[in-house]
Amino acid sequence: MTTAVERRRRLMPRWRDYGRPRELVVRYLLLLFVLVITVGPLLWQLLASLKSTSEDVFGASATLLPRHPTLRAYEAIFEQVPVATYIRNSLIVVVLSITSQLVFSTMAGYMLSKPGWKGRKAVWIVLAASMMFPFESIMVSLFLSIRDLGLVDNLVGVWLPGFVGAINVLLMRGAFLAVPREIEDSAMLDGASEWQRFRYLYLPSAWGAIMVVVINTFISAWDDFLWPLIVLRSENHMTLTLGLSRLQSSSFGYDQRMVMAGSVISIIPVLLLFVITQRWFYKGVSAGAVKF
Amino acid sequence: MVTDTVKPVPVPGTERTTSVPGTTPSRLSRLGRALLPGPAAGANGAALYRRWWLPWLWAAPAILCAAVFGVFPFLNTVLLSFTNAKPLGGAASFVGLSNYRRMLGDSDFWLATRNSVLYAVIVVPLMVLLPLMLAVLVEKKLPGIGFFRSAFYTPVLASSVVVGLSWQWLLADDGLINTWLQKAHLIKQAIPFLSDSWLILLCAMGLTLWKGLGWYMVFYLAALGNVPNELHEAAAMDGAGAIRRFWHITVPGVRQAMMLVGTLTGIGSLRVFTEIFMLGSYTGGPGGADRTLPFYIRDVGLDPMTGNAGYGSAVSVALFLLTLGLTLLAQRLTKEDES
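Taken in sequence, the protein lines are chains A and B. So for the first sequence, the working numbering puts the first residue at 555; every next one is plus one. So for the second sequence, the working numbering puts the first residue at 1375; every next one is plus one.
Warning: the hint list may mix true and false statements.
To be verified - If you anchor each label on the Cβ, the simulated ranges turn out as follows:
1) A:W761 to B:G1615: 26 to 32 Å
2) B:L1702 to A:R753: 38 to 44 Å
3) A:S608 to B:W1554: 19 to 25 Å
Read the hints as simulated data drawn from the structure, not as lab findings. None of the values given here were measured: they were computed from a predicted structure. Cβ coordinates follow ideal geometry from the N, Cα and C atoms, glycine included.
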């Protein structure tokens, strides 16, 4: 007879179950090597942002770890640079984008998943065509449109071209197609209206796709650089990425620790989102494989 | 599971006015039915009770956005490329083909094209292979592998500006890499990563690779799941080493995914802007020597003072044609590969 402890030990994987020791060592060494390459530069940024002004960030005497860790650079950036305004502006664009993307991509995706209405093909063609043109090849014309609308140097101008993306419509359509027709039919027999079926039957069953849309929209709006750079002009309308890039290139010679603190601030929201929604995150890669 | 989420809805006094199947007047010819508003042929269930304009209403914002900010700008770009429009407004006049003529003789345009094409030529093969190797490395479920996978993904999350800043400091003359190399006595003088135009271009490519690694790793992980494990086991039995198994089993097994990654990264390479902007400053390298096509479009087309939106549009058309050509080439290669 085996005791409970023995049985448990047998169920728990042991190191040698994972392969030969030599192979394991090589694997972990490689993993660590890639870890240093991928996370190293970002980690270094974090460490440098914690250094006090008496320590060198660069040069031969600079150490990797801060000798006197301090949050002074984080205070300084809020004092010397309107970083709070930058963050607010970025959040405005992010919230506007997520709201519009979510509402309109689900509604259009829902209708596109339904058979038997006229003009479906035409809608399909317009959506597919809009995905054909790389943003960089239409940005001149887009800017002229934004200018004609009087939205230069306006956050609405940053948001507008991305208020609903065709790729998200297709994503939602795919998710809605997975809902069995019989359930819809029975909901109809119970007298559920179109809106009720959409709201209480389809939306809850497309939860995963909705998360993917939210995550992708958040990241692309928060990290975007080229379009805000084109549209925005004045300091108090800048988004965070724009403000950060200007800190670095400006001739004021801002404290490097401060700029690094700004970078860390800009990564934190996305990192948090990643940790919270990791389950859906990876799905987004295969679902919306258009990002570079 | 799904049915649980359906709220019981009270049956209202049904106010359906649309006709139900079987009651449609049979006099209507096929053509007439196709033209008249109403459910299309083959409709059943919910579609019959939906008024014809309702789907259009629901899809309207998406159609509008796609048309106004996707299709129209492209058509407009083609039109603009025959004018001398200014980015900040003012009268524009038709100038015929002169923008295109100017473009063909513009050495800066060719330089930008060369940079963009070179970017694709170097980045695409690496971006197809390196993330695949990484995916193979993290595929096996080892203790702590979840941590490694997430960590490798972090560069994807950071914006290009942030990673650009970070690389800028790593590569500066007194930056981490130069300092370490000097400490190790491998070099005497700092390597001019950020002032030599070739080095800037190469570093920007490295940045693109570094940032895309995690993204395509995850992409490949999904594809690797479809490669039968038995093949690896059989090959290992026959004495094939890890490298041979990679080339002879993994690579053929994920061929389709590799083609897709190649296409996507090729298109992505032609879109590079921020990496050059961050590492080569706002001029795009010394004297603009590292400018890519999007960079050049912004410089010539959107500069508030000297910009010429017409000329910028002509370059935009060139960029589009390059992208289109690449997509068609990839499609053709994929098709040949399948047959």
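- Task: Would you pick out the hints that fail for this structure and give their numbers low to high?
- Result: 1
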